[in-house]
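Visitor: Residues per chain are reported as follows:
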Amino acid sequence: MRIEEHPILSFKKGPKVRFTFDGKTYEGYEDEPIAAALHAAGVRTLGHSHKLGRPRGFYCAIGNCSSCLMVVNGEPNVRVCVEKLKDGMVVETQKGKGDLR
Amino acid sequence: MKKTEIVVVGGGPAGLSAAINAASLGAKVTVFDRNSQLGGQLVKQTHMFFGSQKQYASIRGVDIADILTNELMKYKDNIEIHTDSTVIGMYEDGMLTVEQDGKYMKIKPQSVIVTTGASEKFLTFPNNDLPGIYGAGAVQTLMNVYGVAPGDSVLMIGAGNIGLIVSYQLMQAGIKVKAIIDAAPKIGGYLVHASKIRRMGVPIMTSYTVKYAHGTEKLEKVTIWRLDEKWQPMPGTELDIEADVMCISVGLSPLAELLWQIGCDMKFVPELGGHVPVRNEELETSMKGIYVAGDVAGVEEASAAMVEGRLAGLCAAKNLGYTSDQFDALKADYLDQLNALRSGPVGEKIRKGLDQLVG
Ligand SMILES: Cc1cc2nc3c(=O)[nH]c(=O)nc-3n(C[C@H](O)[C@H](O)[C@H](O)COP(=O)(O)OP(=O)(O)OC[C@H]3O[C@@H](n4cnc5c(N)ncnc54)[C@H](O)[C@@H]3O)c2cc1C
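Each protein sequence line maps, in turn, to chains R and S. Using the working numbering, the first residue of the first sequence is number 323, and each one after it goes up by one. Using the working numbering, the first residue of the second sequence is number 23, and each one after it goes up by one.
If you are wondering where the hints come from, they were derived from the structure by calculation, not from laboratory data. Don't take each hint at face value.
If you want a taste of the chain S side facing chain R, the calculated C-beta under 8 angstroms gives, among others [claimed, not checked]:
no. : residue
1   : R56
2   : I101
3   : G154
4   : G159
5   : A160
6   : T163
7   : L164
8   : N166
9   : Y168
10  : A171
11  : S175
12  : G258
13  : D262
Straight-line C-alpha distance at most 30 angstroms; calculated DSSO-like pairs for lysine-lysine [unchecked claim]:
no. : chain 1 : residue 1 : chain 2 : residue 2
14  : S       : K198      : R       : K417
15  : S       : K76       : R       : K406
16  : R       : K335      : S       : K128
17  : S       : K240      : R       : K373
18  : R       : K334      : S       : K128
19  : S       : K240      : R       : K335
20  : R       : K406      : S       : K128
21  : S       : K96       : R       : K334
22  : R       : K417      : S       : K243
23  : S       : K198      : R       : K334
24  : S       : K198      : R       : K406
25  : S       : K252      : R       : K419
26  : S       : K240      : R       : K408
The following label-pair restraints were derived from C-beta to C-beta distances [unchecked claim]:
no. : chain 1 : residue 1 : chain 2 : residue 2 : range
27  : S       : Q348      : R       : S371      : 41 to 47 angstroms
28  : R       : G364      : S       : M256      : 35 to 41 angstroms
29  : R       : H372      : S       : Q348      : 55 to 61 angstroms
Every residue, glycine too, gets a C-beta built ideally from N, C-alpha and C.
Turn these sequences into a full structure, and let the hints guide you.
Guide: Laid out in structure tokens, this is it:
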């Protein structure tokens with residue numbers, strides 16, 4: 323959900339771009355964090371814990387806590403709360419600890 | 023390998039202030055920040071600051087970030103700024119390692135000012151890892167910087183200033199705040215903030231904590247319960263609150279990994295948020311030439327962070343031979359400002375913490 327009206331803030335947004343998340347196409351704004359674009363589109367579960375498979379979202383949003391690791395353009399363990407969205411990005415749920423391809 | 027005279031790690035209010043002072047005295051300063059924007063926590067603070075005129079009271083946090091950045095740019099011949107650059111190591115021989123754009127870089131300064139800030143504390147309760155349970159800073163970043171609503175209805179944990187301010191900002195953004203709860207028997211934040219929020223119809227419930235978070239894929243409901251005078255939960259007092267976001271605002275702890283790594287003496291001081299570096303009046307740690315300022319030196323406020331930054335910048339530059347005939351006057355003024363900020367009942371906790379620390 324985007325905040326459309328705000329009494330004191332206006333949001334500087336980049337151009338609209340498209341990316342895919344687990345094969346489905348989504349829209350977001352260039353250079354916002356991937357997690358913000360996903361959250362705006364209603365996606366809150368970004369991954370699952372390694373052992374028990376529990377759903378995980380972001381927690382700190384400043385790249386500290388490692389709760390939001392995903393595979394981006396084939397690279398695993400990307401902190402999507404700080405990684406900037408670019409046109410055509412391929413974002414995937416990470417299984418386990420991730421493999422370097 | 024690159025060389026510089028002073029590296030400032032972190033471009034928040036403390037780091038920017040330190041860089042301004044050191045560069046204005048003539049030192050060559052390199053600032054690294056892992057964010058793409060300078061300003062640290064200030065960039066998500068859309069409220070006006072409290073405090074005194076000297077520390078920019080009644081200016082919005084975001085605007086203070088711009089003021090400081092512009093002031094720094096006055097000394098651009100002495101300043102190099104690297105954003106999107108994370109300092110990942112600090113070594114005994116004085117070498118710093120930095121990750122920038124997937125590349126690894128080394129730099130060897132003569133002095134370092136560490137102003138890395140703090141990170142949010144967490145709470146233990148069943149299902150505390152469900153998506154929808156976010157730190158207060160994360161909620162602020164999402165809604166104030168990127169304009170994305172964290173959810174529909176929020177339960178705020180923590181009635182300190184951050185919990186109160188973020189609750190107010192959530193309502194400004196049109197998001198429902200169901201309640202603010204706090205384990206302490208008293209509201210920790212300023213009463214002006216609390217009254218404003220109560221008037222908007224949000225209950226502030228003290229002596230309550232989280233018992234259980236419900237939901238399968240994401241947060242749906244929270245059970246809270248009351249604490250007695252000994253902070254023990256009282257069975258039978260459970261209440262259910264429906265919320266898709268729980269915002270955790272129970273304090274910060276210093277981001278001091280780099281100081282640990284290089285071997286600074288550290289001390290556990292709960293009043294300052296956790297483990298903090300031992301340092302002298304000039305903010306130099308037990309390691310020569312390594313200075314600290316801001317939340318990493320003890321969690322306080324941006325106002326104190328800025329004054330500490332100025333002091334650390336002044337002293338680090340002086341130790342490299344860059345000084346002015348104003349040194350003593352400036353130093354005394356910064357120490358006075360810090361004392362004033364920490365005076366009165368609000369500063370009691372900080373004073374108690376610092377008494378255990380400054381050598
Ligand atoms: C909701 C909220 C409201 C607040 N309201 C007020 C108020 O009204 N008045 C007030 O005085 N204070 C307020 N504060 C407190 C204030 O924001 C902080 O005390 C202040 O920002 C601390 O400044 P700092 O420079 O120490 O740290 P920060 O602002 O946290 O800056 C640290 C910087 O270091 C960078 N960094 C960290 N690690 C690395 C690394 N390894 N490499 C490179 N860069 C790194 C970070 O990206 C960040 O930019 C508020 C805080 C919050 C969360």
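Visitor: Take the hints in turn and mark each one as holding or not.
Guide: Status of each hint after checking the structure:
A distance limit of 8 angstroms between C-beta atoms decides the matter here; for S:R56 the minimum to chain R is near 7 angstroms, and the interface restraint holds. A distance limit of 8 angstroms between C-beta atoms decides the matter here; for S:I101 the minimum to chain R is near 24 angstroms, and the interface restraint is violated. Hint status for S:G154: holds, given a least beta-carbon distance of 6 angstroms to chain R, under 8 angstroms. Below 8 angstroms, beta-carbon pairs count as interface contacts, and S:G159 has one with chain R at about 7 angstroms; its hint therefore holds.
About 3 angstroms separates the beta-carbon of S:A160 from the nearest beta-carbon of chain R, less than 8 angstroms, and the hint is met. A hinted interface residue such as S:T163 counts as satisfied when its beta carbon comes closer than 8 angstroms to some beta carbon of chain R; here the least separation is about 5 angstroms, so the hint holds. Proximity of S:L164 to chain R holds as hinted, the smallest CB-CB distance being about 6 angstroms (cut-off 8 angstroms). Annotation: interface hint on S:N166 holds; nearest CB of chain R at approximately 6 angstroms, less than 8 angstroms.
With a cut of 8 angstroms, the hint placing S:Y168 at the interface with chain R holds, because the nearest CB-to-CB distance is about 4 angstroms. The beta carbon of S:A171 comes within 4 angstroms of a beta carbon in chain R, closer than 8 angstroms, and the hint placing it at the interface holds. For S:S175, the shortest C-beta to C-beta distance to chain R is roughly 12 angstroms, which exceeds 8 angstroms, and the interface hint is violated. Given hint, S:G258 at the interface with chain R, is violated; its Cβ is 30 angstroms from that chain's nearest Cβ, farther than 8 angstroms.
Because the closest C-beta pair between S:D262 and chain R is about 21 angstroms apart, greater than 8 angstroms, the hint is violated. For a cut-off of 30 angstroms, the pair hint linking S:K198 to R:K417 is broken: about 35 angstroms separates their Cα positions. Distance hint between S:K76 and R:K406 is unfulfilled; the C-alpha atoms sit about 36 angstroms from each other, more than 30 angstroms. Distance check on the hinted pair: R:K335 and S:K128 sit about 34 angstroms apart at the alpha-carbon level, beyond 30 angstroms; violated.
For the suggested pair S:K240 and R:K373, the alpha carbons sit about 18 angstroms apart, so the restraint of at most 30 angstroms is met. Distance check on the hinted pair: R:K334 and S:K128 sit about 34 angstroms apart at the alpha-carbon level, beyond 30 angstroms; violated. Straight-line distance between C-alpha atoms of S:K240 and R:K335 comes to about 28 angstroms, which keeps the hinted pair within the 30 angstroms bound. Only pairs whose Cα atoms come within 30 angstroms are accepted, and R:K406 paired with S:K128 is accepted, the gap being roughly 25 angstroms.
Distance hint between S:K96 and R:K334 is fulfilled; the C-alpha atoms sit about 26 angstroms from each other, no more than 30 angstroms. Between R:K417 and S:K243 the CA atoms are separated by roughly 28 angstroms; this keeps the pair inside 30 angstroms, and the hint holds. Under the criterion of a C-alpha separation no larger than 30 angstroms, the hint pairing S:K198 with R:K334 is consistent with the structure, at around 24 angstroms. Distance restraint check for S:K198 and R:K406: the Cα-Cα separation of roughly 29 angstroms lies within the 30 angstroms cut-off, and the hinted pair is therefore satisfied.
Proximity of S:K252 to R:K419 is assessed by CA-CA distance (about 42 angstroms); at most 30 angstroms being required, the pair is judged violated. Simply put, S:K240 and R:K408 have alpha-carbon atoms about 27 angstroms apart, close enough for the 30 angstroms limit, and the pair holds. Judged by the Cβ atoms, the range 41 to 47 angstroms given for S:Q348 and R:S371 is violated: they are separated by roughly 56 angstroms. A hinted range of 35 to 41 angstroms for the beta carbons of R:G364 and S:M256 is consistent with their spacing of about 38 angstroms.
Evaluation of the 55 to 61 angstroms hint for R:H372 and S:Q348 yields a pass: the beta carbon distance comes to about 57 angstroms.
Consistency note: the structure conflicts with the earlier hints numbered 2, 11, 12, 13, 14, 15, 16, 18, 25, 27.
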